[in-house]
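K.L.:
The opening residue of the sequence shown carries number 80 in the numbering used here; numbering runs sequentially from there.
Bear in mind the hints are in silico, worked out from the structure with no lab data behind them.
Heads up, a few of these hints could be off.
[Unchecked claim] List of simulated lysine to aspartate or glutamate pairs, DMTMM-like, C-alpha gap at most 20 Å: (1) K263 - E314; (2) K414 - E200; (3) K335 - D311; (4) K252 - E288; (5) K259 - E230; (6) K207 - E249; (7) K273 - D395; (8) K364 - D311; (9) K364 - E461; (10) K414 - D445; (11) K263 - E249; (12) K253 - D445; (13) K207 - D260; (14) K166 - D213; (15) K267 - E314; (16) K207 - E443; (17) K259 - E210; (18) K364 - E314; (19) K414 - E315; (20) K253 - D395; (21) K263 - D398; (22) K253 - E288; (23) K252 - D348.
[What the hints assert, rightly or not] Restraint ranges, calculated between C-beta atoms of paired labels, are given here: (24) F467 - D198: 17 to 27 Å; (25) E314 - F467: 27 to 37 Å; (26) E443 - D348: 22 to 32 Å.
Backbone N, C-alpha and C fix where the C-beta goes; we use that ideal spot for every residue, glycine too.
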Amino acid sequence: MEKIELSESRLGLRIAAAVFFLILGASALAFGISGLINGEKGWRVIEAYSSETTCSQDFILIYNLGSVDSVSKEKRAVTQLYTDAAKAGYELFDAEIEMENVHNLKYLSVHPNEQTEIDPELYAALEKYVESGDRSAYLAPAYSVYDNIFETAPEQSFNYDPAQNGDLAELFKKTAEYAKDPEKVDIKLYGGGKAELYASQDYLDFLEEWEITELFDFYWLKNAFIADLIADRFEEAGLTNCVISSRDGYTRCLDKTGESFDMTLYCSDGGELYPAAVMKYFGPKSVVSLNAYPVSSDASTRYITLDGAVRSRYLDISDGMNRTSLPELYGMSEKAGCADIALSLAPIFVGESFSPESAEALAEKDIATVRFDGERIVATGETPTFGFLYENGGKRFTLAE
């Protein structure tokens with residue numbers, strides 16, 4: 080489905096009551112607002128503090144302070160670790176800004192066909208990406224143009240929207256043809272932390288004509304890798320009484336105490352948005368929420384409504400057009416990280432049609448999925464526990480047998 084029609088008036092009403100819970104990503108329902116923000120010992124929202132730019136504005140970290148050490152000592156350690164990790168995530172995975180003394184994704188783009196030694200965490204992410212077989216990150220030239228649509232007025236969107244602009248559609252289609260071909264553009268890994276972003280001369284000439292310098296961008300996948308980076312650092316430090324959530328749907332719960340967490344799963348059905356179910360789970364757990372529509376008030380940088388149809392960041396590798404097979408798809412795992420889940424869901428979610436068999440096959444990777452078929456909640460793999468199913472008037476969500 081290329082377009083999702085939503086009633087904006089009802090959408091706002093349905094979202095308003097749930098915004099805070101979504102922002103926290105995993106656990107606001109379980110603990111309550113006052114305990115998260117005002118209490119000293121217990122679950123607290125932790126903020127990064129740095130004079131330098133970090134990616135912390137894209138994430139929410141909650142931590143159970145005082146569970147191991149004193150509140151003040153633990154808070155200092157957690158805050159410093161989070162600040163450092165958020166800074167590293169921002170610098171390493173930025174595909175638009177070349178930074179001094181940082182060999183990040185942008186550096187690889189502006190130094191094509193050069194072997195470059197990169198940070199071990201970025202190298203590990205690229206290893207995982209290459210192994211997955213996904214090619215969507217090579218749509219970076221299209222992303223660099225299309226992303227402007229979320230920061231412009233609707234009447235100016237023609238310049239960035241291939242659905243309206245035929246010339247742009249051709250550019251995106253040609254970009255997709257290059258992106259699918261490893262003989263034209265590809266990440267090459269040589270071991271020892273050395274990587275190269277290979278690009279053929281005809282591809283470089285094509286990009287020069289359009290004055291585009293981005294060759295590789297994780298884009299909507301980026302925060303999945305950053306969430307894993309932050310979570311891995313917390314695990315290595317033994318600070319696991321926490322939940323790390325990005326504002327675009329990636330959650331890593333590291334808690335091992337048996338604490339129960341809740342997460343709202345949204346469903347777009349018939350042009351209406353419903354908080355269809357509340358999923359209960361225990362950590363450790365990774366959860367990925369892919370939505371082709373906004374479910375919070377801070378989603379303006381990821382969605383825009385044009386003539387009643389929602390544009391999202393999901394561009395199909397087949398032709399570079401914004402397209403999803405479902406309005407929403409959820410994935411979760413006790414073993415896989417956010418990047419593993421997102422990369423596994425990508426070919427199922429971003430495309431023309433949905434394959435139930437492909438979703439079921441993910442159980443072999445210990446990845447469970449949840450989707451909606453009308454008012455039926457369809458789960459593959461290990462079926463989650465639901466603490467609430469939406470029912471109001473004639474609308475009632477039920478679990479498929």
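K.L.:
Okay, which hints does this one fail, numbers in order?
P.N.:
Per hint list: 1, 5, 6, 7, 12, 14, 15, 23, 24 violated.
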